[in-house]
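If you read the protein sequences in the order shown, they are chains R and W. Its first residue numbered 1, the first sequence is counted upward by one per residue in our numbering. Its first residue numbered 1, the second sequence is counted upward by one per residue in our numbering.
Among the hints, erroneous ones may be present.
[As the list claims (entries may be wrong)] Just a sample of chain R residues kept apart from chain W, beta carbon distances all over 10 Å, derived:
#1 Ala43
#2 Gly133
#3 Ala134
#4 Gln136
#5 Arg192
#6 Thr220
#7 Ile258
#8 Asp270
#9 Met287
#10 Asp299
[To be verified] With a straight-line cut-off of 30 Å between C-alpha atoms, the simulated DSSO-like cross-links for lysine-lysine are:
#11 R:Lys51 <-> R:Lys172
#12 R:Lys106 <-> W:Lys161
#13 R:Lys106 <-> W:Lys321
#14 R:Lys143 <-> W:Lys406
#15 R:Lys143 <-> W:Lys321
#16 R:Lys106 <-> W:Lys367
Keep in mind that the hints were calculated from the coordinates and are not lab data. Bear in mind that the values here come from a model prediction, so they are computed numbers and not experimental data. Built from N, CA and C at the ideal position, the CB exists for glycine as well.
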Amino acid sequence: MRSSKSKQRGRKQKPAPSIPTGSLLAIESFSPEEISSLLKQSAAMQSQLEKSPASRRQLTNTLAGRRVALLFYEASTRTRVSFEFAAKNLGAVTTVVHAAASSIEKGESLVDTGYTIEATGAEAIVMRHPSSGAAQLMAHYLKVPVINAGDGMHEHPTQALLDAYTMLRHKKSLRGLRVLIVGDIFHSRVARSNAQLLSKMGAHVTLCGPNELLPELAATLAPGIELQRDIDAALKTADVIMMLRVQKERLSGLNLNIEDYIRDYQLTQDRMRNAKPDAIVMHPGPMIRGMEITAEVADGPQSVIVEQVANGVPVRMAVLARALGARK
Amino acid sequence: MTNQQERPLLIRGGHVIDPAANTDAKMDVLLRDGRVAEIAPSGTIVAKYAEVFDATGLTVAPGLIDIHVHLRQPGQEYKETIATGTAAAAAGGFTSVCCMPNTVPVNDNPEINAWIQAPERGAIVNVFPIAAATVGSMGVRLTDFAALKNSGAVGFTDDGKPILHDDIMRASFQAATKLGVPVIQHAEDTRLTGGCSMNLGPTSFRLGLRGMSIEAESGIVERDIRLARETGGHLHVAHLSTKKALDTVRRAKQDGVHVTCEVTPHHFTLIDEYVGEYDTNFKMNPPLRGTADRDAMLEGLLEGSIDAVATDHAPHALHEKQQEFDRAPMGITGLETALAITLQVLHHHRKVPLKQIIELLSSNPAKLVGLKGRGTLSPGAHADVTIFDPNKKWKFETQDSRSKSKNTPFDGWDFTGAVTATIVSGKVVYHRDRANR
Ligand SMILES: [Zn+2]
């Protein structure tokens, strides 16, 4: 009974045909080849950034004069700054639009805001929004590529790419890598993007947390995902330990006691004794020291948390270059 | 709406199916003065001055009745009006619709109730209001059930704002029972569904959307059945969507509790996965469920534990649906596709006889809300008739829709089974071949 058009609906792994080329909306609709290619591009960007001042200058020709709008409906420091530097490293011109300082507050619809930004000459839109699916909605109506910088609880694809990039700087391959993600999985777009990416790339993903923050449904997210309630057991085999922020503002309705959470899930020096000596500790930020992780571990020898932030720039350069169709 | 001056209409050569009269044969039907004048074996009615409707090869049924629609008037005329909503109803083969009270203001008093039914509204099918059970549908103080019934209300509900307090629900049953009308409940424990925009399941988790649990529906159904049992009231569960709630209804029926239920075409056809990449035309309340629940709805229809098919026709403007998924309003239109979907899914795929389909869409709904002389073609009944071709292939395109809103997931669907004509009080209000599309 369903028409050919309707048959497309509900099919996973396939973006709608009307999505502008170069968009990055969700890792879920990306192939392993596309992910690998972006990671390679990121490495190329980084080596050119670090090679010499001349090669660094040369990079600014890549997107010289191209216009990138950064549309932020939610506060963000690291993602916005990282995208801005990434764009500027490639020579692009950026405009930051904050929800609070625009017509958005007056009740303009998301799509109308998109049309306006497109009409003023933006060639790509990087957007952060509190509603899941907001980037998809935008991309559906616009002609310019849309880059999702985090939509609600759904995805944060560039974070997953920079996390994978960081893992690859310390580990040989993502294939077979044992990655443990601990904390508030339910509310986390970072967890969803990471689970999608790592599953596609052949890593073993273990999600860890109490039932309130990690419902059984999480196992359906991508193939091969395991759930583990006991962090100490999970730590023993992990090559990568990724701690997530507990989104305190979202806990009010849940049956979750902070002291219990800290006792059962905080990553401490003590717990790290269970971990493999070459395991790396990651955190996508913002990090609450003393909550999900202690300062000793966050600043400890196995932590790559600061490096993650730095890696955001070359990864986002690769994403922007792809979006705007730059050669090489 | 009756047209006393009109010529009689003789529907000739059709296959008449009238479950209430146990008729399933080739018969002619004569309509005169807004009533069914005569029904007899084909070729035996002599009516010299009658206009003739040739129904050869077609099914002639008592007019379809949709007991759950939102006509949006008064107050939200940009979504739908009584005129456009009933035009869509006629195109879908419905001769009567029951409209929900969540208008602006809420239909909680006899003035609004009468205003909705006034001829100035331009309805082309019969409109029977379901009035609010509590003032403003705020769930605190009961409306005047007797006055509302006297002004035409056929049932009571706070659809969309379910009655959560036991004492208010109990009082609603007590007031409705005295008047012999049902209390209709949108079964959703809204204390458990805050911020939810779809069914709780793998799809909601994947999309990062908060999901409504099955228990949020079944818990209220269980509570309502307990109160219906206690008060002897008639509980009608609106748009049932979960196996768990259906099992509860089935058991209560066996126990002799006066409980009935309806299911929408989308809940026995679609599943939550079809939300795909945040398609707001798949967002409604109750939400589309998983395969097991969808299949349970089909089973319930097949075995007869579900009493009626109702659309929950809920028009919304394009700009409202063109929003972030969690901000877009819930609801889809359904009047023009309900018969086609029911024929396709139940009759063609599941081999349900047409008699049973007509029970679900006409005779049972008439009984449920006490519409006397409707849902049947017995002599003396209202001359409301739906003529359809169960085998006609067609494509539904929203651009052709008579509804003011186009928020349907069925755009572009191919169907087998189409309405040929809709007759209200003896007058053809819709004819497929004369429809300007
Ligand atoms: Zn409802």
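- Query: Does the alpha-carbon distance linking lysine 143 (chain R) and lysine 406 (chain W) stay inside the 30 Å limit?
  - Reply: Distance ~24 Å between lysine 143 (chain R) and lysine 406 (chain W) Cα, so the pair holds.
- Taking 30 Å as the top limit, are the C-alpha atoms of lysine 106 (chain R) and lysine 321 (chain W) close enough? 19 Å, holds
- Restraint check for lysine 51 (chain R) with lysine 172 (chain R), where alpha carbons must lie at most 30 Å apart: 23 Å, holds
- Task: Classify the label on glycine 133 (chain R) as holds or violated, using whether its beta-carbon is more than 10 Å from each beta-carbon of chain W.
- Result: Its Cβ does come within 10 Å of chain W, the nearest being 3 Å, so this is violated.
- Item | Check on alanine 134 (chain R) being off the interface with chain W, judged by Cβ distance over 10 Å | 5 Å, violated
- Regarding the assertion that aspartate 270 (chain R) does not contact chain W, is the least Cβ-Cβ distance greater than 10 Å? 33 Å, holds
- Is lysine 106 (chain R) close enough to lysine 161 (chain W), meaning Cα to Cα at most 30 Å? The hint holds at about 29 Å.
- Item | Given as non-interface: alanine 43 (chain R), partner chain W, CB spacing beyond 10 Å | 30 Å, holds
- Query: With d taken as the least Cβ-Cβ distance between methionine 287 (chain R) and chain W, does d exceed 10 Å?
  - Reply: 22 Å, holds
- 10 Å Cβ clearance of arginine 192 (chain R) from chain W: 6 Å, violated
- Query: Are the Cα positions of lysine 106 (chain R) and lysine 367 (chain W) separated by 30 Å at most?
  - Reply: Violated, at roughly 50 Å.
- Item | Cβ separation check - aspartate 299 (chain R) to all of chain W, threshold 10 Å | Holds: least Cβ distance 31 Å, greater than 10 Å.
In summary, the numbered hints that this structure violates are 2, 3, 4, 5, 6, 16.
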